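Enquirer: This is what each chain is made of:
Protein chains: 2
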Amino acid sequence: MFEAAEVGSALDKATYKQELPGLRSELLRVQRDIAASGLGPVVIVGGVEGVGKGEVMNTLLEWMDARGVEAHAFGDPTTEEQERPRYWRFWRVLPPRGKMAVLLGSWYTDPIVDRVFGRIDEVSYEREMRRIRDFERMLAFEGVPVIKFWLHVAKAEYEKRLRKARKDPEKQWRISKRTLKFAKRYDDFRPVSEEALRLTSTGVAPWHIVEAQDERYRDYTVATTLVRGLREALEEAGARRAGEEQQVVLPDPPTVNVIRQLDLTQQIPRKEYVRKRNRSQARLGRLVRELHASEHSMILVFEGPDAAGKGGTIRRLTAVMDARFYRVRSVSAPTDEEAAHPYLWRFWRDLPRRGHVTIYDRSWYGRVLVERIEGFAARDDWQRAYAEINEFEAQLGEAGTIVLKFWLAISPEEQLRRFEDRETTPYKQYKLTREDWRNRKKWDAYEAAACDMIERTSTDQAPWILVPAEDKRLARVEVLRAVSKRLSRELT
Amino acid sequence: MFEAAEVGSALDKATYKQELPGLRSELLRVQRDIAASGLGPVVIVGGVEGVGKGEVMNTLLEWMDARGVEAHAFGDPTTEEQERPRYWRFWRVLPPRGKMAVLLGSWYTDPIVDRVFGRIDEVSYEREMRRIRDFERMLAFEGVPVIKFWLHVAKAEYEKRLRKARKDPEKQWRISKRTLKFAKRYDDFRPVSEEALRLTSTGVAPWHIVEAQDERYRDYTVATTLVRGLREALEEAGARRAGEEQQVVLPDPPTVNVIRQLDLTQQIPRKEYVRKRNRSQARLGRLVRELHASEHSMILVFEGPDAAGKGGTIRRLTAVMDARFYRVRSVSAPTDEEAAHPYLWRFWRDLPRRGHVTIYDRSWYGRVLVERIEGFAARDDWQRAYAEINEFEAQLGEAGTIVLKFWLAISPEEQLRRFEDRETTPYKQYKLTREDWRNRKKWDAYEAAACDMIERTSTDQAPWILVPAEDKRLARVEVLRAVSKRLSRELT
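So the protein sequences, as listed, match chains A and B. Taking the working numbering, the leading residue of the first sequence gets 61, the next gets one more, and so forth. Taking the working numbering, the leading residue of the second sequence gets 61, the next gets one more, and so forth.
Excised from the complex, chain A in its bound form (with noise of 0.2 angstroms):
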């Protein structure tokens, strides 16, 4: 695969000096087309330690108009770094739409660095290129293509060039004593990455291989590369706009309804609920103090119909929490930086550190539900969002984030019951809207719709835990146990 790229290109100094202003201009130009439209493109430069991967991005920045773009090199992760997913310092600095990314070090770094020092085996290596290419191409769809370069010497030549940069003053400080390490496994490096470009080069992020030997070679091909894949980008996502189905299709009823099966009679008397609620909540209370002081952290996601009480859930939760660290978030429309960013980048910016719970009222599941039914999101954003969101969670999950989500299920009958009462109610009347009503109409199309995400969003580790919620009490006491019973089975 490299072969390519071990043959001595190299550019002379008159053909440089002569396209250089042409390539410079077309640069800034195509920049400017990228501020213009709705893409946020990230760059990736790739390579061995020390193959000049800080200076291709140096001549970027200085041919660019810096204004426009963003360098970042990820070292050692800061303690609040660490006390979330691995992929968080890299959602962190996904450009906003109209901005650029160059990214020194990225999602492929450690992979391959734990491979070629034994730490992973084949299949978790595997595994871990297999996420960056849903990574990808997730962020493709979302406005952000990413540009992968990776600049390759042949060995002779490698070793000879850091010799002689640990010989020149003005270069000596770049080389580190990481760079030193890894230089010495050269062999080994060389069909790791031979075999993460393999695995990584699709349709949506080709990688392209540029020989590093020769500075003007090189950053001349890295730029004229990159004016081409932006150029393909604006053009692509040209297209997909004037493509885009805007129809929405209402969901069929499901096969099976699993909303429909909850058996909605059940009951529990006053007094037993007082009982059961109180001593739920004191085993709840011990259990997430234990989670204070624990590496975990909590996410609680409630969706429901409007009126499921939700809210009045939450509080029940929150009343035996320490406010130092909970948060309560709820989702409506997003900011303007928000809406700047691929769909999970709002909910990626806010994880709880280590020992915090955030619950959530309504969530991420909104794309697949409301976005989905009244035709925000088009079909294939919603339709991959199955997907995203279970990679998501499953991130959560390896970084001992404790996820639990409900559906708080009531009948149509009962939501009319609890609006009628909104209604009549001065205290109450400020939760009803009018958007809940326009909502009720669209019963049908909704529980289709959360039959769906059900059953595509459940897994073992963040199953859906469905509650009869047509009596209040009972779905208090159900949620109380079964956050206890999580956090119990979690923390021993």
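It should be emphasised that the hints constitute simulated quantities derived from the structure, not laboratory data. One or more of the hints may lead you astray.
Intra- or inter-copy, both count: the list cannot distinguish identical chains.
[As the list claims (entries may be wrong)] Here are the simulated DMTMM-like cross-link-like pairs (lysine to aspartate or glutamate), alpha carbons at most 20 angstroms apart as the crow flies: (1) K73 x D481; (2) K159 x E397; (3) K488 x D125; (4) K159 x D396; (5) K244 x E86; (6) K501 x D248; (7) K77 x E115.
Quick caveat, the model's predicted, so the values are computed rather than measured.
Add chain B to chain A, keeping to what the hints say.
Expert: The following block gives chain B in isolation, referenced to the frame of chain A:
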């Protein structure tokens, strides 16, 4: 001062039970009014360790709608916090308009604790209190009313309660080593806290001392006082909006025009320029590499008329910097999240980490330049900005951030020449907008505002450097040299 909070105030159970429902719905009502307003209040719960601050915080969050309020406690700073000025962590948690935050621990904690343990002297302590007064006044003006509670119990009662808590399995987890260490110093904390309260009980943000012996009395008093405080803040905000002066008064010509005093006729021949630039860049490159490895960070601010050459000068600086360590920020309209916070929030949010450089192409000085001239900021707002900016830069300096501010000066005739050049050169046309021509008509007003700005915000630590930029080459060399000079002074 605390005597009135040592009288054993209590609330009997019957009254409490009778008052509670009304109080809670009143709390929810005022929270809804806040959500609809332009305010983002902050509630501080202070008092010695173990006095019940956490309990009050929990009660408030239980009684309010948790979706509109967040609790924040400040433990040891994270590494990301340690690399920025001390107030960074507080700026991070300021709520956006419409939301609220309850803080346990605040900007009061460090000065009080440091004073008690003798780590700062009386003078530094009073300076910190002055800083707090300014900070809270600024917040109030910016739509963030600060409502402050100080919980107090008499010593005998305090010690009794601590003994009891240590035996109670439900409470003992709250009693940290820190609490016990501080509890021994009750007598030292008392006078220091009293002084803090006295020095920071201002009209805009008075302290409310609450006797915390009886839990019912404590929670009821805090909640009713909070409702009253929020109502007052809402009224004041309404009155301020009504009375806001919208008329723009263009500044008088300055008595001493420091900008016109510059000799703009100086020039530097091309050959000499190349030699000097290369030498300056080599020196700067070395110094910036030293900066990367140091405890310092650096912020460079560029202001000046349109077409003064800011972009080109910045490119000569970044040419010798490593892309991983610098970023260039071009300041234009704020995002909606930025607009929902106090003015300086957008600059606080991305302060450079240690070793890093941020270069501003226009900056926070927009408030006293374009916002003043165009009437985007009310008169009171831009007038108080001078002091707020000086304070901001002082805090940067204390945290080891090197701040340099450049004013690039050109004549109106030179600007016209450059505009015309942009108009007729195809690849420069995008740089020239209709707004540039519009701004040009207000040249004198901008210049007078700039003179005011230079006069009021040139501090020892972050002086304005006025650069004759009629000759671009001269300007670039001067800026390169000034940055190197300052770096070399700070890094040795």
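Enquirer: All hints, please: hold or fail.
Expert: Hint by hint, here is what the structure shows:
1. K73 x D481: neither (81 angstroms within a copy, 31 angstroms between copies)
2. K159 x E397: both (12 angstroms within a copy, 18 angstroms between copies)
3. K488 x D125: The answer is between: 13 angstroms across copies meets 20 angstroms, while 54 angstroms in one copy does not.
4. K159 x D396: Both, since 14 angstroms and 17 angstroms are each at most 20 angstroms.
5. K244 x E86: Neither: 39 angstroms inside a copy, 70 angstroms across copies.
6. K501 x D248: neither (62 angstroms within a copy, 65 angstroms between copies)
7. K77 x E115: within (18 angstroms within a copy, 70 angstroms between copies)
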